[in-house]
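S.K.: Sequence:
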Amino acid sequence: MTAVFDLPRHYEEIYIGGSWRPAAGGGVLEMPDPTTGGVFATVPDGGAADVEAAVAAAQSALRGPWSLLSPTQRGAMIHRLADALADRAGELAVLEAADTGRILRDMRAEIARTADWLHFFAGGADRLVGQAMELGPGMSGYTIHEPVGVVGALIPSNSPLNLCCWKLGPALAAGNAIIIKPSEVAGVSLLELARLADQAGIPAGVINVITGRGSEVGTALVAHPGVKKISFTGGIETARAIVRQSAHDLKRLTLECGGKSPNIVFADADLESALNMALFASFKSTGQSCSLGSRLLLEDSIHDEFVAELVRRSARIAIGPPLDEATDIGPQASQGQLAKTERYIELGKQSGTLAYGGGRPSGAGLGDGFYVSPTVFTDVDAQAPIAQEEIFGPVLSVLRFRDEDEAAAIANSTQYGLTAAVWTRDFGRAQRMVRRVESGLVTINCYRPVSWMLPYGGMKLSGLGRENGVDAILDYTENKTVAYYHGTAPLADPFGIG
Numbered sequence: 001m002t003a004v005f006d007l008p009r010h011y012e013e014i015y016i017g018g019s020w021r022p023a024a025g026g027g028v029l030e031m032p033d034p035t036t037g038g039v040f041a042t043v044p045d046g047g048a049a050d051v052e053a054a055v056a057a058a059q060s061a062l063r064g065p066w067s068l069l070s071p072t073q074r075g076a077m078i079h080r081l082a083d084a085l086a087d088r089a090g091e092l093a094v095l096e097a098a099d100t101g102r103i104l105r106d107m108r109a110e111i112a113r114t115a116d117w118l119h120f121f122a123g124g125a126d127r128l129v130g131q132a133m134e135l136g137p138g139m140s141g142y143t144i145h146e147p148v149g150v151v152g153a154l155i156p157s158n159s160p161l162n163l164c165c166w167k168l169g170p171a172l173a174a175g176n177a178i179i180i181k182p183s184e185v186a187g188v189s190l191l192e193l194a195r196l197a198d199q200a201g202i203p204a205g206v207i208n209v210i211t212g213r214g215s216e217v218g219t220a221l222v223a224h225p226g227v228k229k230i231s232f233t234g235g236i237e238t239a240r241a242i243v244r245q246s247a248h249d250l251k252r253l254t255l256e257c258g259g260k261s262p263n264i265v266f267a268d269a270d271l272e273s274a275l276n277m278a279l280f281a282s283f284k285s286t287g288q289s290c291s292l293g294s295r296l297l298l299e300d301s302i303h304d305e306f307v308a309e310l311v312r313r314s315a316r317i318a319i320g321p322p323l324d325e326a327t328d329i330g331p332q333a334s335q336g337q338l339a340k341t342e343r344y345i346e347l348g349k350q351s352g353t354l355a356y357g358g359g360r361p362s363g364a365g366l367g368d369g370f371y372v373s374p375t376v377f378t379d380v381d382a383q384a385p386i387a388q389e390e391i392f393g394p395v396l397s398v399l400r401f402r403d404e405d406e407a408a409a410i411a412n413s414t415q416y417g418l419t420a421a422v423w424t425r426d427f428g429r430a431q432r433m434v435r436r437v438e439s440g441l442v443t444i445n446c447y448r449p450v451s452w453m454l455p456y457g458g459m460k461l462s463g464l465g466r467e468n469g470v471d472a473i474l475d476y477t478e479n480k481t482v483a484y485y486h487g488t489a490p491l492a493d494p495f496g497i498g
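Numbering follows my numbering, with no gaps: position 206 of the sequence shown is 206.
No lab work stands behind these hints, which were simulated from the structure alone. One or more hints might be untrue.
[Stated by the list, open to error] Simulated restraints, written as ranges between beta carbons of each label pair:
no., residue 1, residue 2, range
1, P385, D268, 47 to 53 Å
2, P71, R360, 50 to 56 Å
3, P71, K349, 54 to 60 Å
4, V28, G363, 58 to 64 Å
5, T143, P385, 57 to 63 Å
6, D403, A339, 38 to 44 Å
7, Q350, S451, 36 to 42 Å
8, K340, D268, 21 to 27 Å
9, K340, E305, 45 to 51 Å
10, R435, T481, 31 to 37 Å
Keep in mind that this is a model prediction, so the values were computed, not measured. Idealized CB from N, CA, C, for every residue including glycine.
Let the hints inform the model, and build the full structure from the sequences given.
M.R.: What follows is the structure, given as structure tokens:
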């Protein structure tokens with residue numbers, strides 16, 4: 001088993017204005033250890049006073065050194081930050097695996113790719129171009145993209161560094177300053193990200209990191225009039241609260257609020273690939289993914305055989321400590337999330353047939369951690385809670401369908417619309433389903449490839465806006481229109497009184 005490297009796990013200071021300082025209130029927040037149920041790390045418990053200081057530091061950076069850099073110079077700094085992150089990717093992967101409960105081999109790949117996100121957005125810093133237009137004789141116009149200002153980024157616990165850089169990269173490329181609030185459950189790696197910002201020479205105040213509770217730091221960020229945009233990844237109830245709290249000054253919002261994604265398998269699909277990806281989509285990260293393929297829709301003729309093989313393979317998934325190289329899935333991130341998953345499993349027993357799992361795994365060293373077995377329910381009613389509500393745990397609902405019409409109706413029967421997948425060798429059917437399924441991302445014969453180049457976000461209650469892709473940078477700008485007269489004749493007196 002890989003040991004946790006020698007990084008501090010008891011942090012005494014937050015990062016504001018290029019310097020480290022204790023939280024104004026002096027409190028301490030305990031981050032849980034998913035593998036033991038104990039305490040993994042302690043961090044400062046920040047509050048409104050720390051947000052006030054961070055907003056002032058960010059505004060100062062926007063008035064001063066950061067705004068004086070050319071877009072190309074900003075991009076070069078983001079490239080340096082990406083290189084600094086890549087240099088420590090191995091260490092940070094171990095830290096995030098131990099902190100979040102995600103398995104180490106997944107985190108190694110994810111952290112290594114996170115540097116690529118920053119490189120991608122760094123390359124876009126000097127490619128923000130406006131439009132020019134001729135409005136008529138002697139009259140022209142053009143548009144320019146200006147940074148929105150101070151951005152508040154609220155980061156979830158499942159992929160702290162990666163999901164942070166989905167927001168950090170475009171925010172900085174557009175010329176903004178950012179205040180990062182990690183999850184109160186996991187996210188000590190974001191304090192290490194602040195150290196990397198120092199190393200990369202990012203000016204003081206451009207990146208600020210405040211640990212603490214959502215009810216304190218998060219609420220203060222959303223309410224502060226100096227914060228012009230909030231970018232949030234998390235649950236729908238928190239997103240609704242953000243919308244309500246930000247309404248008074250109409251903050252710009254990007255909200256990614258989860259999903260209940262349909263994974264639709266037709267009888268003519270490559271069933272071996274579909275099986276492999278059904279396991280991946282259902283149980284990766286112990287179900288702690290917004291794009292989890294938590295609803296498996298199977299055509300009638302393949303249902304029984306597919307489920308039998310799915311159950312057989314589910315039983316072979318190795319559950320254990322995230323730093324153990326043999327582990328396939330680790331624990332959930334917190335006691336609260338484990339309790340939520342177990343609550344839905346009990347609901348599932350009332351509305352479906354338990355085909356596999358449904359409890360805590362047995363095994364040496366697993367009893368005290370937040371472990372739960374991969375769970376498969378069949379004969380699930382499409383309107384049952386386990387088929388309608390995001391669980392954020394390894395709970396799979398299997399549903400039957402007869403034809404394209406029924407598959408599309410079931411797929412669209414929830415309030416979410418983040419990701420979906422269609423498995424078929426029929427190209428026409430695939431294209432019809434892409435049009436019919438209400439989802440921000442639909443994949444054909446694969447499941448949710450994630451790339452800095454692919455826009456990511458949802459329809460319906462899955463959120464507002466898109467992350468990733470070139471256009472994500474534009475979401476961190478204000479589009480200013482300029483019109484000007486360059487004719488030689490005096491402008492006419494409209495009232496005829498000159």
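S.K.: Against each hint, give a clear statement of whether it holds in the structure.
M.R.: Hint by hint, here is what the structure shows:
Checked against the hint of 47 to 53 Å, the pair P385 and D268 fails, with Cβ atoms roughly 32 Å apart. For P71 paired with R360, a C-beta distance near 53 Å keeps the hint of 50 to 56 Å intact. Checked against the hint of 54 to 60 Å, the pair P71 and K349 passes, with Cβ atoms roughly 57 Å apart. A hinted range of 58 to 64 Å is violated for the C-beta pair V28 and G363, which are about 33 Å apart.
Checked against the given bound of 57 to 63 Å, the beta carbons of T143 and P385, roughly 47 Å apart, lie outside it. For the hinted restraint 38 to 44 Å between D403 and A339, the CB-CB distance of approximately 39 Å keeps it satisfied. With their beta carbons about 40 Å apart, Q350 and S451 fall inside the hinted range of 36 to 42 Å. Checked against the hint of 21 to 27 Å, the pair K340 and D268 fails, with Cβ atoms roughly 37 Å apart.
Distance hint check for K340 and E305: the Cβ-Cβ separation is about 32 Å, which falls outside the suggested range of 45 to 51 Å. Separated by about 34 Å at the C-beta atoms, R435 and T481 satisfy the suggested range of 31 to 37 Å.
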